[in-house]
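K.L.:
Next come the chains, spelled out residue by residue.
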Amino acid sequence: MSLTARARRSSVPAEEPAIPQRGQGRSGYWLYLLPGFILLLVIVIVPLVWNVYLTFTSWKGVRSPEFIGAANWIKLIGDEAFWTSFLNSVWMVIAMVIVPTIVGLLVAALLFDVVGRKFGGKVGSFLRATYYLPQILPVAVAGIVIGWIVRPGSDGALNQVLGAVGIAPYDWLGQMPSALIVLMVVLVWVQIGYPVVVFMAALQRVDPELYEAAELDGANWYQRFTSITVSIIRPEIFVVTLTCTIAALKVFGPVYIITRGGPAGATLVPSYYAYQEFFTKRDVGYGATIATVLTILVVIVSVVFIRVQTSLERKERAGL
Amino acid sequence: MIKKRGVDWLLLALVVVGALLVLAPFYLVLVNSFKSPTDYATSGPLAFPQSLDFSGITKFWERVNFPEKVWNSVLISGVVSVLAVLISMLNAFAIGIGRVRGRTWIVLLFLLANLLPQEALLYPLYYMFKSVGLYDNVWSVIIIFTVVQAAFGTYLLSSVYRTVPKEVLEAASLDGAGRWKILWRVVFPITRPTLSVLLIFFFIWTWNEFLIPLTFLASNANQTVPVAISVLQGDRLMDVTTTSASALLGIIPTLIFFLIFQRTLTRGITAGAVK
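Line by line, the protein sequences give chains A and B. Counted from 1, the first sequence has number 193 at position 193 by this note's numbering; the numbering is strictly sequential. Counted from 1, the second sequence has number 240 at position 240 by this note's numbering; the numbering is strictly sequential.
No lab work stands behind these hints, which were simulated from the structure alone. This one's a predicted model, so the numbers in the text were calculated from it and none came from an experiment. Keep in mind that a hint or two might mislead.
Residues from chain B that face chain A, not an exhaustive set, calculated with beta carbons under 7 angstroms [claimed, not checked]:
| # | residue |
| --- | --- |
| 1 | Lys-4 |
| 2 | Leu-11 |
| 3 | Pro-45 |
| 4 | Ala-94 |
| 5 | Gly-98 |
| 6 | Ala-113 |
| 7 | Pro-117 |
| 8 | Ala-120 |
| 9 | Leu-169 |
| 10 | Ser-173 |
| 11 | Ser-230 |
| 12 | Thr-243 |
Have a look at the derived ranges for each label pair, beta carbon to beta carbon [to be verified]:
| # | chain 1 | residue 1 | chain 2 | residue 2 | range |
| --- | --- | --- | --- | --- | --- |
| 13 | A | Gln-175 | B | Leu-259 | 36 to 44 angstroms |
| 14 | A | Leu-87 | B | Arg-185 | 55 to 63 angstroms |
| 15 | A | Ala-168 | B | Tyr-27 | 19 to 27 angstroms |
| 16 | B | Ser-43 | A | Gln-175 | 23 to 31 angstroms |
| 17 | B | Glu-62 | A | Ile-94 | 38 to 46 angstroms |
| 18 | A | Ile-181 | B | Tyr-27 | 19 to 27 angstroms |
Beta carbons are placed, not taken as given, at the ideal position from N, Cα and C, and that holds for glycine.
Just chain A, same shape as in the assembly:
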């Protein structure tokens, strides 16, 4: 290749397509985006806009929607079930984000710093796989498993075990707070493996000698945990927290399977509440309103997540 060609190549700005242009312009690339765009338009954008429009209507799903202005939105403010559902989202965040992140941090640190280092990597990865196992389950199936254990009546597994020590059968799903606690147990169980795996992978960046040096200097396990482990995997903690928050806001399967929002609506979550309005009560406009509020919340968390992600990427690139 001639010198001039090479010089020209290095002067090509990053904005240009990576394949040299010959005749056809950059616009030809839009053809590749076409199928993806059309599908996105039909399956996501149109329904999304339609759904927002429905929040201003009263509709039973047949004939045409009737425009009622902001009535659905006003109803929302005074609707106790709506506030309960979003309050329960806070509990879902505790079960899917806060507990798994804290426990995940401790387990990952223990597996990496103590188990992996002193008992061999094989023991460490075996235990990691164990913690991860529930993550692979469809969340609906995880709900069925835990739901089976707390099956009401004297033949439920948990009630049988308690019966052996003389405790009468308890209706776990028929009352609060046990119904909510059961839901939270499902989510913690399913979610716990995700932070463990992500944090352990992040810890690969740590030089094991750092721990040994700290240990020789007399740092105890807790000091090593806070000053080495947590500070190094801070980016992953952010990412795990935000992605799990998005997932926690969307929880549907376990509620549908285990409690159906009961007892008396006490375990409603936004997605299940919207589903009920759509298909049980046939108040589509109101269901759409609940779904829209949920969407706004998810988008806010997503934007925070994307900003964190891009700033991390930028830092990473600058570090290279």
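Once you've looked at the hints, dock chain B against the given chain A.
P.N.:
Frame of chain A; chain B shown alone:
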């Protein structure tokens, strides 16, 4: 290996106890699926079965026509993962290699489409598919998840395609290859490892989906494994060991995926976390 102190053994015990707690529900479902109802009543949920009894499993297997449900799930997840990878590739080619104008915003749009709660699309989609006659048809679910998964794939692959070495693309171009040819003969083979990870993830994610298949697949013959199992919960005919067997049948397929793809899965999760 470094010297182990007493406290190390204690910490190990702590992690092991945690792991046993995580495993406990699996154990309960496993042992009780093979008990007869009388065995369960006499020996309780914790013990091993006194003799292997397959009646719960066969009863549920026949009740839901399990092979049919597995086939539905395989068909939906399989078609979705292939189509979604294909569309992700085309999108990422335009964004990562073609560097079309406004690409940052386009990637953002796709990512947001993936993160949206499905409830925000649910009723309009339900109405749309009903009016075109695809309601209660596996293709409605296939189309929706192709778009949802491809949205994530576009986000991930776009940044991967940006890193394809420019020299390789230029050399192919000098040899007279057009864009279409470069995509299939150069970019596709280079990025095949990433594509196969995406394919596996799309398959498992689609398999695990619940809300959309539940809404769109009304009749038993079209349902996926998680949906078919969950709609029978609370049914009067489901005694305690049959319910346990239903949970076991829900676990088994994903357990098989886990054993086959364990390495890809753990690598993929971490790659997805901090891309």
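K.L.:
Now tell me if each hint is right for this structure.
P.N.:
A quick look at each hint next to the structure:
1. Using the Cβ-Cβ criterion of 7 angstroms, the hint placing Lys-4(B) at the interface with chain A is satisfied: the shortest such distance is roughly 5 angstroms.
2. Hint status for Leu-11(B) relative to chain A: holds, with the closest Cβ pair at about 5 angstroms, below 7 angstroms.
3. With a cut of 7 angstroms, the hint placing Pro-45(B) at the interface with chain A holds, because the nearest CB-to-CB distance is about 4 angstroms.
4. The criterion of a C-beta within 7 angstroms of any C-beta in chain A is met by Ala-94(B), whose closest approach is roughly 4 angstroms, and the hint holds.
5. Given the 7 angstroms rule on beta carbons, the hint for Gly-98(B) holds: about 3 angstroms separates it from the nearest Cβ of chain A.
6. For Ala-113(B), the shortest C-beta to C-beta distance to chain A is roughly 5 angstroms, which falls under 7 angstroms, so the interface hint holds.
7. The interface hint given for Pro-117(B) is met, as the beta carbon of that residue sits about 5 angstroms from the closest beta carbon of chain A, less than 7 angstroms.
8. For Ala-120(B), the interface hint holds, the least distance from its beta-carbon to any beta-carbon of chain A being 4 angstroms, beneath 7 angstroms.
9. The criterion of a C-beta within 7 angstroms of any C-beta in chain A is met by Leu-169(B), whose closest approach is roughly 5 angstroms, and the hint holds.
10. For Ser-173(B), the shortest C-beta to C-beta distance to chain A is roughly 5 angstroms, which falls under 7 angstroms, so the interface hint holds.
11. Restraint check, Ser-230(B) versus chain A: the minimum CB separation of about 5 angstroms is within 7 angstroms; hint holds.
12. For Thr-243(B), the interface hint holds, since its Cβ comes within 7 angstroms of a Cβ in chain A; the closest pair sits about 5 angstroms apart.
13. Our hint of 36 to 44 angstroms for Gln-175(A) and Leu-259(B) holds, since their Cβ atoms are close to 40 angstroms apart.
14. The hinted window of 55 to 63 angstroms between Leu-87(A) and Arg-185(B) holds, with their beta carbons roughly 56 angstroms apart.
15. Checked against the given bound of 19 to 27 angstroms, the beta carbons of Ala-168(A) and Tyr-27(B), roughly 25 angstroms apart, stay inside it.
16. Checking the proposed 23 to 31 angstroms range against Ser-43(B) and Gln-175(A) shows it holds: the Cβ atoms sit about 29 angstroms from each other.
17. For the pair Glu-62(B) and Ile-94(A), the beta carbons lie near 41 angstroms from each other, so the given range of 38 to 46 angstroms is met.
18. Checking the proposed 19 to 27 angstroms range against Ile-181(A) and Tyr-27(B) shows it holds: the Cβ atoms sit about 21 angstroms from each other.
The structure shown violates none of the earlier numbered hints.
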